[in-house]
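A.B. asks: Chains as they are written, first to last, in our numbering: chain C, 13 to 489; chain D, 13 to 489; chain Z, 13 to 489; chain V, 13 to 489.
Some clues are possibly wrong.
[To be verified] Okay, the calculated bits of chain V under chain Z, using three or more residues with CB under 8 Å as the criterion:
#1 29-38
#2 149-157
#3 303-314
#4 318-330
[Claimed, not checked] Partial list, derived from the structure: chain C residues whose beta carbon lies under 10 Å from chain V:
#5 Leu111
#6 Pro163
#7 Ser274
No lab work stands behind these hints: they were computed from the structure.
The model shown is predicted, which means the values in this text are computed figures rather than measured ones.
Even for Gly, the Cβ is constructed at its ideal location relative to N, Cα and C.
There are 4 protein chains.
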Amino acid sequence: MLTEIKGLNEECGLFGIWNHDNAAHITYYGLQSLQHRGQEGAGIVINDGNKLIVKKGEGLVTEVFSKQVIDEMPGHKGIGHVRYTVNGDRSFENIQPLLFHSHTGNLALALNGSIINAGRMRALLEAQGSIFQTTSDTELLAHLIKRSKHPNFISKVKAALNSLIGAYAFLIMTDNELMAALDPNGIHPLSIGKLGESYVIASETCAFDIIGAEFIRDVEPGELIIINDEGIHSEMFAPKEKMALCAMEYVYFARPDSNLRSLNVHTARKNLGKQLAIEAPIEADVITGVPDSSISAAIGYAEQSGIPYELGLIKNRYVGRTFIQPTQQLREQGVKMKLSAVRGVVDGKRVIMVDDSIVRGTTSKRIVKLLKDVGAKEVHVVISSPPIEHPCFYGVDTTSKDDLIASGRTVEEIREIIGANSLTFLSEEGMLKALKQDDSSKLEGACLACFTGEYPTEINIDEPTVATTINKVYRIY
Amino acid sequence: MLTEIKGLNEECGLFGIWNHDNAAHITYYGLQSLQHRGQEGAGIVINDGNKLIVKKGEGLVTEVFSKQVIDEMPGHKGIGHVRYTVNGDRSFENIQPLLFHSHTGNLALALNGSIINAGRMRALLEAQGSIFQTTSDTELLAHLIKRSKHPNFISKVKAALNSLIGAYAFLIMTDNELMAALDPNGIHPLSIGKLGESYVIASETCAFDIIGAEFIRDVEPGELIIINDEGIHSEMFAPKEKMALCAMEYVYFARPDSNLRSLNVHTARKNLGKQLAIEAPIEADVITGVPDSSISAAIGYAEQSGIPYELGLIKNRYVGRTFIQPTQQLREQGVKMKLSAVRGVVDGKRVIMVDDSIVRGTTSKRIVKLLKDVGAKEVHVVISSPPIEHPCFYGVDTTSKDDLIASGRTVEEIREIIGANSLTFLSEEGMLKALKQDDSSKLEGACLACFTGEYPTEINIDEPTVATTINKVYRIY
Amino acid sequence: MLTEIKGLNEECGLFGIWNHDNAAHITYYGLQSLQHRGQEGAGIVINDGNKLIVKKGEGLVTEVFSKQVIDEMPGHKGIGHVRYTVNGDRSFENIQPLLFHSHTGNLALALNGSIINAGRMRALLEAQGSIFQTTSDTELLAHLIKRSKHPNFISKVKAALNSLIGAYAFLIMTDNELMAALDPNGIHPLSIGKLGESYVIASETCAFDIIGAEFIRDVEPGELIIINDEGIHSEMFAPKEKMALCAMEYVYFARPDSNLRSLNVHTARKNLGKQLAIEAPIEADVITGVPDSSISAAIGYAEQSGIPYELGLIKNRYVGRTFIQPTQQLREQGVKMKLSAVRGVVDGKRVIMVDDSIVRGTTSKRIVKLLKDVGAKEVHVVISSPPIEHPCFYGVDTTSKDDLIASGRTVEEIREIIGANSLTFLSEEGMLKALKQDDSSKLEGACLACFTGEYPTEINIDEPTVATTINKVYRIY
Amino acid sequence: MLTEIKGLNEECGLFGIWNHDNAAHITYYGLQSLQHRGQEGAGIVINDGNKLIVKKGEGLVTEVFSKQVIDEMPGHKGIGHVRYTVNGDRSFENIQPLLFHSHTGNLALALNGSIINAGRMRALLEAQGSIFQTTSDTELLAHLIKRSKHPNFISKVKAALNSLIGAYAFLIMTDNELMAALDPNGIHPLSIGKLGESYVIASETCAFDIIGAEFIRDVEPGELIIINDEGIHSEMFAPKEKMALCAMEYVYFARPDSNLRSLNVHTARKNLGKQLAIEAPIEADVITGVPDSSISAAIGYAEQSGIPYELGLIKNRYVGRTFIQPTQQLREQGVKMKLSAVRGVVDGKRVIMVDDSIVRGTTSKRIVKLLKDVGAKEVHVVISSPPIEHPCFYGVDTTSKDDLIASGRTVEEIREIIGANSLTFLSEEGMLKALKQDDSSKLEGACLACFTGEYPTEINIDEPTVATTINKVYRIY
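Can you make the complete structure from the sequences, with help from the hints?
C.D. replies: Take a look at the structure:
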């Protein structure tokens, strides 16, 4: 729901489990805790020893899976997926996990990410006789594995992964093993946990907490994890490159109770807010954060600045899919939808409004107006990340510069559009400093491409939407 | 949903509008903003000039009302209601508003509250030939109005209200007017707003903000507000007694963006938290609040104490009605439902956990365990209200002392049950001081009956569940 | 569904049971077998010894009642109701049974029929202080019972029934007894059965067959049946008048497997068809009936005439509530909805099309066209009842002469409108002769008011829709 | 629904249209008329010129497709499919049509039938690198087309079809054409129609009647029909073998208003009934048919024998998917489900009960008991087809001899099991005679394999379930 406010959508969440009596139930709770990573489709595939049982559908995990459905999915092994639809692609076929049947066994695949050289690889495979039943990048991997001349399955998978360029976290389930693979830059998060005797894999560690599992470690860039009835082992399918974990995971996508590369997301956000208070000290009466993702940064700013943190903005908790959108006329008369400003807190005050990022700017403009409408004397917008000026090709739906208000505009121009008294973005240096600040962090490098335009992989291979050649570089710190 | 965590349920929310082109739409948004006051049933009655159009159902406002339904409710006047089911009463008949048809016109009624002398009055009316089609207290008023010998409708209504003892906020809609009435102690909130040329009535002021209406004033205890095509006027149906607004509205029930008697709820909660920090200074590393209702108090405690406020507890946003409850076995294995503790924030720390109240204690116990399970070194529970030792007879579902952990137990005994390192409740004096603290407040007196056992009305009239005679007194401050 | 084809709607079906372990389940199956009598709403009330459990809703029995709902209705006594909405009255309040609560016990009421003096009685009761919560005639009886000065409940009920004029079959359930009452003319059917040790009441005997119960006898006109834990007994609340069972029950409304006054409906229809063949011998190649209600008459016509009966018209079995109606444009292009003609049977043939009645004529016209479109050389329409020229005031929704094609038109004029090669109606005498023909029949008299305009009760009392004074007479045979 | 009574399921229905403004709507109505051929899943694929729009789901056509869904499927070309699930295969992936994407265009496929050499072909294709995403035979054709070395698409399709052995009616839609192919024996029906300027293809001609289309001709065995914007043309992909249209299509599967090979199904059934009356003259009072599929045969028997046809068995029209099944206990107490016997018609009579076939015998046994329970003096069961002794491998779900009561039992043994006074099956000769009887028929040969064990194709190729070698022969007449 928050994502509807923002217009910035992470595309997927992954969960897998091997060797648990209630594989379907655990996968359900795991996916449920990853719901923020994808709210438009969900799927679970369970292997019951003899066959795959699959259930997929549009909507939230709780909408797709009833108790009856989950109860009818016995089996000890499973993978699940939540997703956004990308580029208006709403065909049911593309809801993951995808299944592939063969007389030698079944294959189930789920992907978080985006393959840069997908178009070229599809053409190549089609020329060799492959038929594609979906338009999903995920299907590529299946054909590449099938086509591989390597002698055993693991070698085939490693070869197939090596053909792909982009950001990808894959779950691969066969009758005999559950595999997890992460691209050589480690652009998306993927972690390993243990629940009793069972191994679990999830996009975020919050899934481990919700099911009572213990965090073991993150999957490394270029690593292929193989879990089977003998246990767990690891192979590198590619030399690890410089880690480039998406910085927006910390800023916005991930749940505050997750740890990414051992750095807690809430703590990271709070540090971003503190750094912002250092970079942009503002005289004001109250601080408020845009719920929910900016609360931590706002608290950090408040702690650093000494200005009191208040609930100046309230999100309506019961606005769901079936909520009736107000007509244009009613909106103009003042009917609010998802967010309202708290007059009792804001009236007559100079307000610092902390947000995590600005994408199109329309939401920021609306919130500034909400605050002024209930009497805010001044509204100072502070953003706990740098301006997003460049599209993402790794699985976030900002694929065009046209949608990005910061692309080609000065901060002052943006300020004027959103109607704030002042506008401050966190600096790139400040962002990196804040993310490095915490002792527990094992973050080695981050993808700042949407801020800097420096992409960690090639991106101009075959996507016609990528017009300009962009060097394969990324910021090192 | 939070209420499910707490086990403390306010029973109703009211909304009414007179003279607006989109009465049904506005009532929908108004009710939606009051959803926290009742999530098990909703109803809207619209008067289209010729007839009443009614739609009621079980569930959330967004579940009962589709766009099509609202669009098919033209008319300029309407009232709506959200409710909890009380005492296992789930019969559809009791979903409000209730309708009464007569050749002289139609009557629609909605009630927030509870009538203490309902049993006696029903028996009296039945003896005179009245038939009851519901078991709701609301129906009483209709029969009393019908039976009244007074010459005009307003006199009838005033006489009928005078026969009732208890806590009640009524909305009354006829073909010619919309009325709002509040019991002489003003136990529940009820406010008047203006939206363009239309008058609106709502249980909380947050409804005005969401529809873009202006707050005019609160309905006074003992007052009957009459809105018709000529405008608005007021009559007293009973002498105003000492105001006794339910203190738990500030502590827990109301939305933080509402103002009750001109005191902002978030601000009130923050002041309760500050007062708690003064009364109970504790040495600790982090402060966390139980979401959502205790966040403000936790921030207040943090501001006063200087100990950092952190997101140590996270509520799962997507857990709704259709969520599959984990089995006992899975729960024992550690599967969480609605709340999870954030290891990255809590591990190794001394934690102050702020909650607004303790009812049965089971939730507190569970949360303390959640925090300890993720590594909290110490958990100090501080409660921003006094112990709830007495049942409520005014519309909150704590009708038996047996359900109240604080009834007949010392604080030390409760602490041991919930497993905290320490437990502190706010004092009654501290609570009153905190609620008086804000300049804007027009609160003249509060009902503290659940803490003190001193009830603002007679309560032992005819309810067999009330065993002991309790004097009609209430705390004055 | 068929009724949608016809535009002639019976309004209700009743079922009651006393003293059965599975009262709710049995009532469900009973109502289900009466579904043809009302498809727009259904309700069941079960008395579990301590309280009433009620479930009502819009739609079919299978839509309103899930297994879970029925399983949650324990109790040994119950009544149920299926209904059509009359006069656009779709308010949920009017779905029956209606419930009335009192400290002396609960009352549940269900009605099949229509009260002629409802308006006058409501005004009278309102003047005495009664409040009506529905616009249903059923509620009248509750107030009349409550107001009655008679000393005991049975006397009150008898007095109340005596105040009512019209056609009514009532089920009345209290904590202590189940009652069934039939108006003095016995206009609607109502029968008594026995299922093991339990007594059951139903609108049609097909309900007994479906639950495995034994038919005992029909309720007599003017009779009040009282079933309680002691057994069953009968009292007359009014002198029985000349029986006037609705003739259209035989012709169209009832299920062919029901017996009305011991006359099987299929047999009656077949006899109507035979009589029609005697009155209207036509030279033709094939006979076809309009499914489903005219099949029996068509078979009778075929048997009598020697012309082969064929399936010339097929009803689409899967067309339900959610069927997408073809647009006007598609209909004009030939898209059919519920009925299609069978070219392989009809092409090049002279066809006798048997239908049971003509109301508006639009359906007949459409079916004639269907048959001609697939090659019928001639279409001879024969109707197994006389022309419907007069409105019904007893619970069938033909309340205005304007809707009746036969009102004010000659048979030749109607023939021209519907485009048939010939059109024949059964004579009134032929109809009565056919209904008397079977030895088993205990039918003493029938209401032919819609054919003759002679109504068995007063009808011009207070209904403004009844413009002309019509003598209280009815046809005797 | 009837199929639930019988336990004999045809697996699929096909519909396709090229060049119509409302392709989705027309396909909806077409599929709807074919609903009897498959009630567990439905799908429509529309080509809007640029892309494929697909919607598939479990359940009836009216359950899968809402008005909104159909309205959101613009485009001029489309194919649709209704299906049964076979062998417990309920995976969503297998709901047809199946889609295949390629940079050279899209392919949509739908199949009615079963491929005998599917296992062998899959293994072969997998060895060449193909990956299967479904377990449906339909997917085979896509891979075979893709793998074909032939120079153009039509040649590829013809070569691919030639690799398949079995019973198949395929619809194939690309961006440029709609194709229809029928196996060389023409085991399943497939017909061509014209609707204005549009060509349509359907499994049965009833679909043409429902949409107002004109029947052109049937697809010939071994024929490939190609429809594109230039018009329609035909090629043979295989030499036509002896036609072997499934005889059970006439007996049971098809709708009575369809013509198969120009022979009307109702007429065919009536002739089967007449032939049965000739072969098995029985002294009795009434004849009744098991609804719905045996009505025509019963009428034929009655016409031939002079014994009156009556509605002795009534099907409950409102029993759908959500109907609550009676518990075993209630069933034993006499609660009926889908069928009830009419006491008023049957009591004291000698009854001839006409049914079209006996599969397991459990239903026949139940119906005989129903009739005897309401007083039938004698029940003579006559079956309008020979005993089903052999499994079907062509798409009907009688895959094991164990399920067939007639397999290995004498007629007298079956009679004893079902409890009838006598039991007669139609002879094979009589069946063929009856099917040849009508002048309009163009039926050249029928598959009687389930009666005779003589299969028109090889069947022992690679299906492990087929234990014995069965010669490739079929009965000639």
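A.B. asks: Each hint needs a verdict: does it hold in this structure or not?
C.D. replies: Structure-based check of all given hints:
1. Counting residues of the region 29-38 of chain V whose beta carbon lies closer than 8 Å to any beta carbon of chain Z gives 3, which meets the minimum of three for the stated coverage.
2. Remark: the region 149-157 of chain V is not confirmed as covered by chain Z, as 0 of its residues place a Cβ nearer than 8 Å to a Cβ of that chain, below the required three.
3. Interface restraint, the region 303-314 of chain V with chain Z: holds (4 residues with C-beta to C-beta distance below 8 Å; minimum three).
4. Here's how the region 318-330 of chain V fares: 8 of its residues keep a CB closer than 8 Å to some CB of chain Z, so the rule of at least three is met and the hint holds.
5. Given the 10 Å rule on beta carbons, the hint for C/Leu111 holds: about 6 Å separates it from the nearest Cβ of chain V.
6. A hinted interface residue such as C/Pro163 counts as satisfied when its beta carbon comes closer than 10 Å to some beta carbon of chain V; here the least separation is about 15 Å, so the hint is violated.
7. Evaluation of the C/Ser274 hint against chain V yields a violated restraint, the C-beta minimum of about 38 Å exceeding 10 Å.
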